[in-house]
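Protein chains: 2
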Amino acid sequence: MSLPAGWTPNPALDLVLERLIDLTPAQVWAAWTTPEHVMKWFTPAPWTVAACEIDLRAGGIFSTDMRAPDGQIFPNIGVILEVVPNERLIFTDTLQPGYRPSDNPFMTAIISVIPAGSGSKYTAIAMHRDEATRIKHEEMGFHSGWGLALDQMITHMQKQ
Amino acid sequence: MSLPAGWTPNPALDLVLERLIDLTPAQVWAAWTTPEHVMKWFTPAPWTVAACEIDLRAGGIFSTDMRAPDGQIFPNIGVILEVVPNERLIFTDTLQPGYRPSDNPFMTAIISVIPAGSGSKYTAIAMHRDEATRIKHEEMGFHSGWGLALDQMITHMQKQ
Numbered sequence: 018m019s020l021p022a023g024w025t026p027n028p029a030l031d032l033v034l035e036r037l038i039d040l041t042p043a044q045v046w047a048a049w050t051t052p053e054h055v056m057k058w059f060t061p062a063p064w065t066v067a068a069c070e071i072d073l074r075a076g077g078i079f080s081t082d083m084r085a086p087d088g089q090i091f092p093n094i095g096v097i098l099e100v101v102p103n104e105r106l107i108f109t110d111t112l113q114p115g116y117r118p119s120d121n122p123f124m125t126a127i128i129s130v131i132p133a134g135s136g137s138k139y140t141a142i143a144m145h146r147d148e149a150t151r152i153k154h155e156e157m158g159f160h161s162g163w164g165l166a167l168d169q170m171i172t173h174m175q176k177q
Numbered sequence: 018m019s020l021p022a023g024w025t026p027n028p029a030l031d032l033v034l035e036r037l038i039d040l041t042p043a044q045v046w047a048a049w050t051t052p053e054h055v056m057k058w059f060t061p062a063p064w065t066v067a068a069c070e071i072d073l074r075a076g077g078i079f080s081t082d083m084r085a086p087d088g089q090i091f092p093n094i095g096v097i098l099e100v101v102p103n104e105r106l107i108f109t110d111t112l113q114p115g116y117r118p119s120d121n122p123f124m125t126a127i128i129s130v131i132p133a134g135s136g137s138k139y140t141a142i143a144m145h146r147d148e149a150t151r152i153k154h155e156e157m158g159f160h161s162g163w164g165l166a167l168d169q170m171i172t173h174m175q176k177q
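Top to bottom, those sequences are chains A and B. Using the numbering used here, the first residue of the first sequence is number 18, and each one after it goes up by one. Using the numbering used here, the first residue of the second sequence is number 18, and each one after it goes up by one.
For reference, chain A alone in the conformation it holds in the complex (with noise of 0.2 Å):
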């Protein structure tokens, strides 16, 4: 398990996206922490990625500028809180580079990997400050737009 120590699901805050998958912990951890593959699957088409920056420490920046259909620009900025390489990545909007609060906070994500088989035990999880903002990232469509993506993921780092 590579969840964080003392970390304990609550599922009126927290959505939860667990699979088993065909790539590696190492695919899975490239494909989170580098730029050039994050652009290639993050958004589920046909919203794409315009810009990802990720300075890969605790503290850095975690950036993805998602494109909609329409061209318009969604910048999503947040920072790094844990990083131990092919296991745990933790990232949140709560906090801004530099650790400063952000004006406005949706979530705090933990994704992590643990070897299973020839691949890998995926587990994706939102965290919300409240009820109210966990319904509504299900409204928006948490479960297939993460299960897409990873899908998009899955394919991209395949052909890698």
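By construction, these hints were calculated from the structure, which means they are not laboratory data. Everything numeric in this text was worked out from a predicted model, so none of it was measured. Honestly, I wouldn't trust all of these hints.
Quick list of the computed label-pair ranges, beta carbon to beta carbon [said to hold, decoys possible]: (1) A/Thr25 - B/Asn93: 35 to 45 Å; (2) A/Ala85 - B/Ala85: 42 to 52 Å; (3) B/Phe91 - A/Ala29: 20 to 30 Å; (4) B/Leu165 - A/Val33: 20 to 30 Å; (5) A/Ala67 - B/Leu165: 44 to 54 Å; (6) B/Asp147 - A/Val100: 20 to 30 Å; (7) B/Pro52 - A/Pro92: 38 to 48 Å; (8) B/Pro86 - A/Gly164: 50 to 60 Å; (9) B/Lys176 - A/Gly164: 21 to 31 Å; (10) A/Ala149 - B/Ala85: 49 to 59 Å; (11) A/Ile90 - B/Gly88: 21 to 31 Å; (12) B/Val101 - A/Pro26: 42 to 52 Å.
Derived pair list, reagent style EDC-like, types lysine to aspartate or glutamate, alpha-carbon separation capped at 20 Å [unchecked claim]: (13) A/Lys153 - B/Asp120; (14) A/Lys176 - A/Asp72; (15) A/Lys57 - A/Asp39; (16) B/Lys153 - B/Glu104; (17) A/Lys57 - A/Asp72; (18) B/Lys153 - A/Asp120.
Facing chain A, a subset of chain B residues (Cβ under 7 Å, in silico) [claimed, not checked]: (19) Leu20; (20) Gly115; (21) Asp120; (22) Thr125; (23) Phe159; (24) Trp163.
The beta carbon of each residue, even a glycine, is placed where N, CA and C say it ideally should be.
Given chain A, put chain B in place with the hints provided.
Relative to chain A, chain B alone:
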């Protein structure tokens, strides 16, 4: 300089207390990271600390229950972000233990200490999400309050 890489001050959003003090960096570190010490100095008298819990790791709890002169308790729960022994402690109430977003975020604090002569240069920074929150904290008495707490820290640690 023991501030985080890439951190830049923002006078509209940050409050800063900086002082040369007659404690070593190791004494300041002990004062900030040991609940028994924190309880002796953290709140300007006649306020006291009713309880303190510190799990000294990134993601661990930093909690102080403050007791008002009338006996009312004000809990104050946050999470530790960076631990650089004898140099820098960063914590925030923007996230709760396990990095869960807070439903009532207020600030991130950076405590930085570097050797200076036989003592230290001590810097305490409070970062806020917007100017209104910075002004509110200033009007709550940031400068006198954090300054009095620092006086209490020095008096307490010099007796150890």
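Hint check:
| no. | hint | result |
| --- | --- | --- |
| 1 | A/Thr25 - B/Asn93: 35 to 45 Å | 21 Å, violated |
| 2 | A/Ala85 - B/Ala85: 42 to 52 Å | 50 Å, holds |
| 3 | B/Phe91 - A/Ala29: 20 to 30 Å | 25 Å, holds |
| 4 | B/Leu165 - A/Val33: 20 to 30 Å | 45 Å, violated |
| 5 | A/Ala67 - B/Leu165: 44 to 54 Å | 49 Å, holds |
| 6 | B/Asp147 - A/Val100: 20 to 30 Å | 29 Å, holds |
| 7 | B/Pro52 - A/Pro92: 38 to 48 Å | 40 Å, holds |
| 8 | B/Pro86 - A/Gly164: 50 to 60 Å | 55 Å, holds |
| 9 | B/Lys176 - A/Gly164: 21 to 31 Å | 60 Å, violated |
| 10 | A/Ala149 - B/Ala85: 49 to 59 Å | 31 Å, violated |
| 11 | A/Ile90 - B/Gly88: 21 to 31 Å | 53 Å, violated |
| 12 | B/Val101 - A/Pro26: 42 to 52 Å | 31 Å, violated |
| 13 | A/Lys153 - B/Asp120 | 15 Å, holds |
| 14 | A/Lys176 - A/Asp72 | 25 Å, violated |
| 15 | A/Lys57 - A/Asp39 | 18 Å, holds |
| 16 | B/Lys153 - B/Glu104 | 29 Å, violated |
| 17 | A/Lys57 - A/Asp72 | 18 Å, holds |
| 18 | B/Lys153 - A/Asp120 | 15 Å, holds |
| 19 | Leu20 | 9 Å, violated |
| 20 | Gly115 | 4 Å, holds |
| 21 | Asp120 | 5 Å, holds |
| 22 | Thr125 | 5 Å, holds |
| 23 | Phe159 | 15 Å, violated |
| 24 | Trp163 | 18 Å, violated |
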